[in-house]
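Q: Sequence:
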Amino acid sequence: MPKLPWAVLIALAVLFTRPALAVLSCSASATPVTFGLYSPASAADLDSTGNVQVSCDGGRGLVSIQLSAGSSGDANDRRMFSGADSLRYNLYDKASRNQVWGDGTGGTQTVRFNVPPNRPVTVDATVYGRVFAGQAPAPGFYVDNIVVTVLF
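Everything in the sequence shown is counted per numbering that gives the first Met the number 0, starting at 0 for the first residue and increasing by one.
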C-alpha cells in the first residue's frame, strides 16, 4: 500500500473536519423604575429611571431588548393600577422621552445591539419612566408589571 505524504493527509483531515459552532448566550437583569410619591397638585411630570442589563457571549448576532405593554395591554398607553383606579405613565428608551420602549409594534421602539464574534458584550440600557401630570388618582399604591424579553 503506497504511503500518502503528510501534507495530503493533513489536507484531507482539514477538508472533512466539521466547523465549530459558536452559540450566542445572553442573560439579563433589571432594576425597576420606582416613581415615589405622585402629587396631583404638581404641574410637572414625575420622572424616574430604571435599568436593564444584558450580557451576551459565545457567538455573534443581533440582540433586541423588548418591554411588554404591562397591565393596560397597550404600550402606548401604559397604566399603573391600584384596584380599579389607574395612573397613566410610560417607559422610554431615551432621556428625551419621545419614543416609547415596547416590542417594536404600534410605533414603539426596542433597544438593539450587535454582539461581535466571540467577544462578550454587556449593555446597560436605562429605562426612562414618566408619570404624566394633570391626573387626579384616588390615593393608593399603584403598580404595573412589565416583562423584559431579550431576543437573540
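If you're looking for bench data, these hints aren't it; they were derived computationally from the structure. A hint or two may mislead.
[What the hints assert, rightly or not] Simulated restraints on C-beta separations: (1) G106 to T148: 17 to 25 Å; (2) G133 to A27: 15 to 23 Å; (3) V147 to A40: 29 to 37 Å; (4) G60 to F140: 38 to 46 Å; (5) A83 to S24: 39 to 47 Å; (6) R118 to R96: 31 to 39 Å; (7) D76 to N113: 30 to 38 Å.
In this text the structure is predicted, and so the values were computed from the model without any measurement. Backbone N, C-alpha and C define an ideal beta-carbon position, used for all residues, glycine too.
Q: Are the hints correct? Go through all of them and say.
A: A quick look at each hint next to the structure:
1. G106 to T148: 17 to 25 Å: holds (18 Å)
2. G133 to A27: 15 to 23 Å: Once the Cβ atoms are compared, 34 Å apart, the range 15 to 23 Å for A27 and G133 is violated.
3. V147 to A40: 29 to 37 Å: The hint (29 to 37 Å, Cβ to Cβ) holds, given that V147 and A40 are roughly 33 Å apart.
4. G60 to F140: 38 to 46 Å: For G60 and F140 the Cβ distance comes to about 40 Å; the hint holds.
5. A83 to S24: 39 to 47 Å: Given a distance of about 43 Å, which is inside 39 to 47 Å, the answer is holds.
6. R118 to R96: 31 to 39 Å: holds (32 Å)
7. D76 to N113: 30 to 38 Å: Holds, since D76 and N113 (Cβ atoms, about 32 Å apart) stay within the stated range.
The structure shown violates just one earlier hint, number 2.
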